[in-house]
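With chain A fixed as given, assemble chain B onto it according to the hints.
Chains A and B supply the protein sequences, listed in that same order.
Heads up, the final residue of the first sequence is numbered 420 in numbering that gives the first Met the number 0, and it's a clean run with no missing numbers.
Heads up, the final residue of the second sequence is numbered 420 in numbering that gives the first Met the number 0, and it's a clean run with no missing numbers.
Calculated from the structure, these hints are not laboratory results.
One or more hints might be untrue.
For chains that are exact copies, the list does not tell them apart, and a pair is met inside one copy or across any two.
Pairs of lysine-lysine residues, derived as BS3-like cross-links and limited to a Cα-Cα distance of at most 30 Å, are as follows [stated by the list, open to error]:
| # | residue 1 | residue 2 |
| --- | --- | --- |
| 1 | K51 | K76 |
| 2 | K281 | K371 |
| 3 | K395 | K95 |
| 4 | K76 | K93 |
Number of protein chains: 2
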Amino acid sequence: MKQTQLFQKTTKEVKQTDISRNAELLTKAGYVNQLMAGAYTYLPMGLSVLNKIEKIIKEEMNAIGAQEILMPALQPKEVWEKTGRYDTIDVLFKLKGAGERDFVLGATHEEVITPLAQTIINSYKDLPTAAYQIQTKFRNEARAKSGLLRGREFRMKDLYSFHTTQEDLDEYYEKVSEAYKRVYERCGLGHITKKTYASGGAFSKYSHEYQTITEYGEDIIYIIPGTDTAINKEIINDKEALKDIIPNYKDGMEKEFEQVKAIEVGNIFKLGTKFSQACELKYTDKDGSTKYPIMGCYGIGSSRLMGAIAECISDDKGLIWPKEIAPYQAHLISLVFDEEGMKICEEYYNKLKSNGIEVLFDDRTGIQAGEKLKDSDLIGIPNRFVISKKTIEQNKIEWTERLTGKTELIDFDKAISILKE
Amino acid sequence: MKQTQLFQKTTKEVKQTDISRNAELLTKAGYVNQLMAGAYTYLPMGLSVLNKIEKIIKEEMNAIGAQEILMPALQPKEVWEKTGRYDTIDVLFKLKGAGERDFVLGATHEEVITPLAQTIINSYKDLPTAAYQIQTKFRNEARAKSGLLRGREFRMKDLYSFHTTQEDLDEYYEKVSEAYKRVYERCGLGHITKKTYASGGAFSKYSHEYQTITEYGEDIIYIIPGTDTAINKEIINDKEALKDIIPNYKDGMEKEFEQVKAIEVGNIFKLGTKFSQACELKYTDKDGSTKYPIMGCYGIGSSRLMGAIAECISDDKGLIWPKEIAPYQAHLISLVFDEEGMKICEEYYNKLKSNGIEVLFDDRTGIQAGEKLKDSDLIGIPNRFVISKKTIEQNKIEWTERLTGKTELIDFDKAISILKE
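Isolated chain A (complex conformation) (with noise of 0.2 Å):
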């Protein structure tokens, strides 16, 4: 694609409403746009991201047997006082539509998939079997302060499933913390998140939320020594928990843990029967009896974790995309303006583009060298290659790699090679 014809531009200009970390930067480099504070567009290159991220999340889902279908944002009230969960959920959106009927705007989907359930499973054998979305969802917020990681309008990621047993439930869940944790690593994050003990329900004692740290975090955890687990602040006064969570524990040690702020970047709970039963979805089991099954949910904002990743995996010059989730692998530049270099320039693009390489060419004119680097810099494209009057003399193209840093002047070739590894 070329810079000029892109329907994304970079800005100076960021709305007062936008002081987060993450909102600030994908502001300026133009991958997203705020229509009101909690609520973004996403321009090409920021769909992009969100595009990729949502595609990782859905072959780890795929490859753990869960099955993508798409349930409606907007629900009559009534699914939601079978639950009784229409007053308790202080940021449901509630909506009248016409003749008086009310609805409201899913903040979560249990509601829905749990009598949808019973559409599919009257046996045992219909057991155990998990399906998901990757949806638009809302939620009522009072402030809305947090660039994607806090949205009215955000992109979720929620996973349901459905068990005869608690062994076969617990088997599950172990398989989602593992899905989850090659999410978190092909997304960059792997090395700074970390699997949190939090407080479970009525049917478990704990659930697990993934925190990722940064000093901008709003969340605190404290990690356990010598683990990649860590408890966040619900429970780390709960005595009975730390004994139960951790062998050998002394009393008092959790002091000396480590304190580090973090994002939330993902949850996995086991709801037992509290959903099954409020919904009246039941199986026939092998003795004939009728029971209700067992639930577990998992949710991850695809579009909270494009946030995290931004305010993560970023310098003061701007972005820098892993590999697996940028818009474009490539960025040529051309800072050269003569009706010869820019040939040049097309040509290089265009060869690029015929090895099968997603580039973004910044064909402007009568921009500085200098304000070009910058931009480049801040959309945060894994490799900048460059050509200048001096490259064309040498015969060579100038590569940055984004993350290092790290400059060479390299034969043309050579680029393609390191593109396509």
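Positioned in the frame of chain A, the structure of chain B alone reads:
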């Protein structure tokens, strides 16, 4: 995918509010499930069809240089007041959020994209440009009894283009028109979809609807003899319009036009500067003067299109998916239930998969042959392959083409080559 594991089942139960042909067929085949009138869950194969339709639309939009973005569904009241449409669009969903703030759920997005475009468009050099999204939209329908054809919540592609001159808009409008033609052709509706003259607005005499002919249609169109175009009922009695549209128009000739029922599956509209003026979207022209871009807007409801395909390309046995949007290319059906037979079926299933073929395997046991074949017709996958005692004895497989009903005993290798065609 094995049918016993699919998060989707055929059913004989259809809700009383699902009275439309598309909803009845899609529900019985298990593709969709009604949450309430006008709001459906897409089960795995339903989502697959929807995704394939949207993929076609994306490809055709990208081919005419439009760039994909994603705008919020939740919008502040203020942007709708600017254009005066807060009070004039009667199907707008209005809601209140925290702090008594007024929001709207987007039924269309001129109010969002026009101000947004100011971040992209400053100079005549930035024009023409075009952006689209495929997104979930909302309409506060009093009656929503047409299945996927008229939803309270639905999926839609909306494209917006921006130009410096009327000629440039006219040229792009024709390009979009050609792209739409290709979309309907690829979705199997080309032969029964007519570009139909409809009334325009303040800035152009006519707009166009794309109308698919079906006896189940809610609209009436009048086909201009010897052409591929039609006139809608808004303007069929407008003599001036008829003179303008039809070369050698003869008074009263429209009374002889064939009248047919049809479903609207798209529309294209020249907006002129209505929205750029209302939203103060301006650019600097070559001569330094400030002007308003001339706009066009172009819609295709992708979920509505899926409903139209279900209504129009089906028979009394069920759905008949065109190849490019079918959820699977092959429906492998086992009519042998002993261990030996199932082993052979599994082998065929694995061979099809390893040949890269999308295959649904009816591995259900304890179900009559007749019911399996009935379900297969209902589901409407293009090619059915039956394995029975008889076919195993002859080392063959029974192929039935869903569209023609043609049945043949063939070698397995031939099955592969049919599917790879």
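Against the structure, the hints:
1. K51 to K76: Classified as neither: same-chain Cα gap 34 Å, cross-chain 32 Å, threshold 30 Å.
2. K281 to K371: between (62 Å within a copy, 26 Å between copies)
3. K395 to K95: neither (64 Å within a copy, 59 Å between copies)
4. K76 to K93: both (8 Å within a copy, 16 Å between copies)
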